[in-house]
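Engineer: The chain contents come next:
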Amino acid sequence: MNRRRVVTWALLALGLAALVLLPRFVTSYKLLTYTRLLLLALMAQGWNFIGGYTGYASFGNVAYFGIGAYTTGLLMIGKWHVPFFPSLFAGAALCAILAALLGLPILRLKGHYFAIATLGVAEASRQIADTWDSVTAGSTGIDLPLKTEGEFFYYTALALVVGGIAVTALLVRSKVGYAWVAIREDQDAARMLGIATTRYKTLAYSLSAAFSALAGGVTAYQNIHVTPTDFFKLDYTLQSIIAVVIGGTGTVLGPLIGAGIYQLLSTYVWTKFIELHPTVLGILIIFFVVFLPRGLVPLFRATRRTVQTGRGFHWRDLFANIRAHRVT
Amino acid sequence: MSVEPGGAPGNVAPGGAHANIAPGEPLLVATGITKRFGGLAALDNVDLTIRKGEILGVLGPNGAGKTTFVNCISGLEKPTSGRILFAGQDITPMPSFRIGRLGLARTFQVVKPLRQLTVLDNVAVGAMFGRRGGERTAGQARARAAEVLERVGLAPRAKHSANDLTIPDLKRLELAKALAMDPDLIFLDEVMAGLNPVEIEGAMELIQSINREGVTLFVIEHVMKAIMGISDRLVVLHFGKKIAEGEPAKIVEDPQVIEAYLGERFARRAQGAGRKEALTPGGEFRKPPEIAAGETLLEVKDLSSGYGDVQILWDVSLEVKKGEVVALIGANGAGKTTLLYTISQLLRPFSGSIRFAGEDITNASTDRVSGAGIVHVPQGRRLFPGLTIRENLLQGTYQRTDAKKVDEDLEWVYGLMPRLKERTNQLAGRLSGGEQQMCAIGRGLMARPRLLLIDELSLGLAPLVVDRLLELISHINQQGTTVLLVEQDVQVALEHAHRGYVLETGRIVQSSPAAELLEDPRIRQAYLGL
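Protein chains in written order, with this note's numbering: chain A, 1 to 328; chain B, 329 to 858.
Among the hints, a few may not be true.
As the list claims (entries may be wrong) - Residues from chain B that keep clear of chain A, each with C-beta distances beyond 12 Å, as calculated:
| id | residue |
| --- | --- |
| 1 | R443 |
| 2 | D643 |
| 3 | K650 |
| 4 | S839 |
As the list claims (entries may be wrong) - Keeping only pairs whose Cα atoms sit at most 27 Å apart, straight-line, the calculated DSS-like set for lysine-lysine is:
| id | chain 1 | residue 1 | chain 2 | residue 2 |
| --- | --- | --- | --- | --- |
| 5 | A | K175 | B | K487 |
| 6 | B | K406 | A | K110 |
| 7 | B | K569 | B | K749 |
Derived by calculation from the structure, the hints in this document are not laboratory data.
Predicted model only: the values in this text are computed from it and were never measured.
Beta carbons are placed, not taken as given, at the ideal position from N, Cα and C, and that holds for glycine.
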């Protein structure tokens with residue numbers, strides 16, 4: 001047990017060191033890809049709280065990505081010229097509060113209906129950004145102060161993702177994590193076990209909104225120009241869900257691993273098949289969902305278990321993962 | 329409570345937070361509880377008092393409102409009217425999680441494990457959020473969970489995923505989750521359904537020892553032997569009303585109770601429940617009508633089967649002749665359900681062959697199997713809860729091509745079970761257990777089966793309902809349908825079958841005419857618990 005811990009920590013430290021040193025070895029264009037990867041991971045971590053641990057499929061997290069972007073931008077270019085980081089966290093705080101208020105009614109809905117309601121939230125936010133001319137400058141959008149140092153964005157995103165991992169790891173080992181999983185598995189049972197379900201669901205939704213807002217805020221500063229069509233795209237929500245599914249829903253490292261695979265695949269496919277990019281990417285995603293429905297982290301765990309018991313790698317682990325969500 | 333050897337000594341008096349209530353004094357007082365679903369009154373003005381320290385048994389036919397009552401008390405549903413006092417405090421308007429934290433725990437009839445969690449973590453959740461959850465860290469809650477698992481005999485399974493447990497273990501897990509909440513009062517909703525007599529003995533002892541440690545218990549149970557053996561008092565519900573209350577011995581003699589719940593045959597048996605030697609199953613044996621030995625309809629030869637790497641059945645051979653009712657009996661986990669699954673090809677056999685009406689159906693597709701006339705009424709009914717009774721019945725006709733005869737058959741099924749006709753437009757999910765079982769059998773019959781496979785006919789049903797269903801089976805059989813019946817209640821099954829097979833750890837160990845099996849001392853010892 002102890003040796004396993006040492007190995008785990010060593011691997012984590014190695015991974016972190018690689019990520020910290022990465023900007024020294026890649027071009028600034030490639031660094032942009034890696035920054036996007038980290039921002040996707042951040043948003044995926046957020047989705048993982050509500051969708052992965054609590055089991056509520058939110059399709060509207062892009063609403064908070066957009067609101068976070070606008071809040072950060074508007075604070076920076078407004079009367080007081082608030083610096084970037086306070087603006088960024090103000091956006092996250094605003095989204096957390098907003099999500100808590102919205103969550104109270106919509107988290108009472110069951111599965112599909114909750115998903116539809118969150119789609120509504122996303123679409124409504126886009127409409128508001130589009131028409132509230134006096135504040136958001138409508139479809140023209142707003143322009144943030146110029147900042148071009150790629151490393152700044154990369155390290156900001158990295159710090160946020162590492163923070164996200166720490167927060168997730170701490171929460172899932174605490175009572176909060178138990179409550180989330182209990183709600184996901186059976187809400188009536190959870191209530192009878194003494195869990196204040198509404199409170200914990202709202203917390204998960206709020207946290208997921210805050211993470212989306214952080215990703216939105218950093219993206220806004222990096223892209224400079226923020227418009228409703230660019231920042232309320234359903235794509236952002238979908239990409240974060242795909243990332244979590246690839247990595248493993250309800251796991252600490254799943255969102256980062258999934259985001260990494262998704263972003264690198266997407267970039268690779270982009271350079272090889274410019275025309276067919278969405279098609280090829282779509283096929284790869286179907287491949288993952290069909291053959292690894294539980295995601296990579298659970299597969300890794302099962303394999304490690306069999307290897308440690310001295311039986312070596314076994315195809316059975318792979319098949320168990322494949323069968324997990326199948327209709328027989 | 330003394331359940332926790334590792335806890336700080338003497339910090340909690342027996343009976344927990346409400347120790348100031350003397351044993352025998354009212355702990356929970358429910359007055360005028362009414363619950364309506366639409367026009368239907370599931371509970372009608374029920375007054376009920378639970379006294380501290382007692383085991384209160386609750387009887388009642390399916391649909392009497394027992395589970396609804398527990399739902400109302402535990403806050404999952406709110407009564408239409410009425411008031412609930414728990415230790416003097418009005419809990420009627422409280423959300424269920426708050427009620428749980430006050431020291432009122434329950435189990436669920438349809439078990440609700442947290443499937444992706446380990447058994448230990450399932451129980452830890454109870455310890456974390458229950459009455460004393462506030463005092464514990466997550467780590468302390470896990471330690472407490474380990475103690476509870478030890479207590480209920482689930483410790484060896486602690487690290488397994490709850491998903492991998494068998495039904496008896498899942499029932500035990502329900503109990504463990506409730507115990508981990510350190511409650512004063514536990515509502516047990518059919519924790520013994522599906523257990524064999526030996527397991528029931530164990531469960532009874534466990535329940536009594538929990539009670540001795542100061543926990544008050546409210547026990548819903550159809551297993552007469554168990555409820556008669558452990559209850560201090562009995563309450564009988566019928567159509568949402570309380571029709572009797574008092575000492576167990578007096579209740580089973582109450583004519584109203586016998587009429588509503590027990591039926592003649594079971595009443596006699598229930599009275600003998602405390603006295604083992606008074607039971608003579610042979611004396612109550614009702615000889616089924618003779619049948620002309622027909623041709624072989626189903627022939628299973630050297631069948632081996634299982635799930636993934638786990639082999640459950642070993643070289644099982646069995647034969648069902650045309651016109652027979654054959655009972656398949658055996659302990660939990662013996663492989664009865666697996667055998668039915670393999671026959672209907674929901675599971676692929678490892679080896680061996682299955683022939684039906686002279687045709688080889690080994691490895692055939694499930695639609696071909698049902699098309700050939702084998703229809704499976706699965707354990708747990710598997711109705712389509714969002715469809716009405718009529719729609720469920722019509723689903724059974726999916727493979728038929730004689731559309732004109734369907735209406736006729738619908739009338740035939742309604743004729744066999746008039747209750748289904750009365751409720752034809754009700755959603756199947758809203759039916760009581762007995763009605764659901766009827767609907768499942770009806771759906772099977774609508775496919776015009778030549779062989780009907782029925783898995784656990786009586787599971788969770790009241791004695792009178794079981795009696796009626798078995799008469800129905802005999803009736804269907806006389807009209808020409810062959811039946812292979814898997815049944816937990818061995819005596820009941822053998823009384824209505826022509827022949828029986830005994831399955832033990834995946835192997836057929838005996839096959840005889842039903843009457844002989846009933847008299848066989850080994851069978852009586854092993855399965856009848858006599």
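Engineer: Now, for every hint given, state plainly whether the structure supports it.
Structural biologist: Structure-based check of each hint:
no., hint, result
1, R443, "violated, 6 Å"
2, D643, "holds, 24 Å"
3, K650, "holds, 31 Å"
4, S839, "holds, 31 Å"
5, A:K175 / B:K487, "holds, 19 Å"
6, B:K406 / A:K110, "holds, 19 Å"
7, B:K569 / B:K749, "holds, 24 Å"
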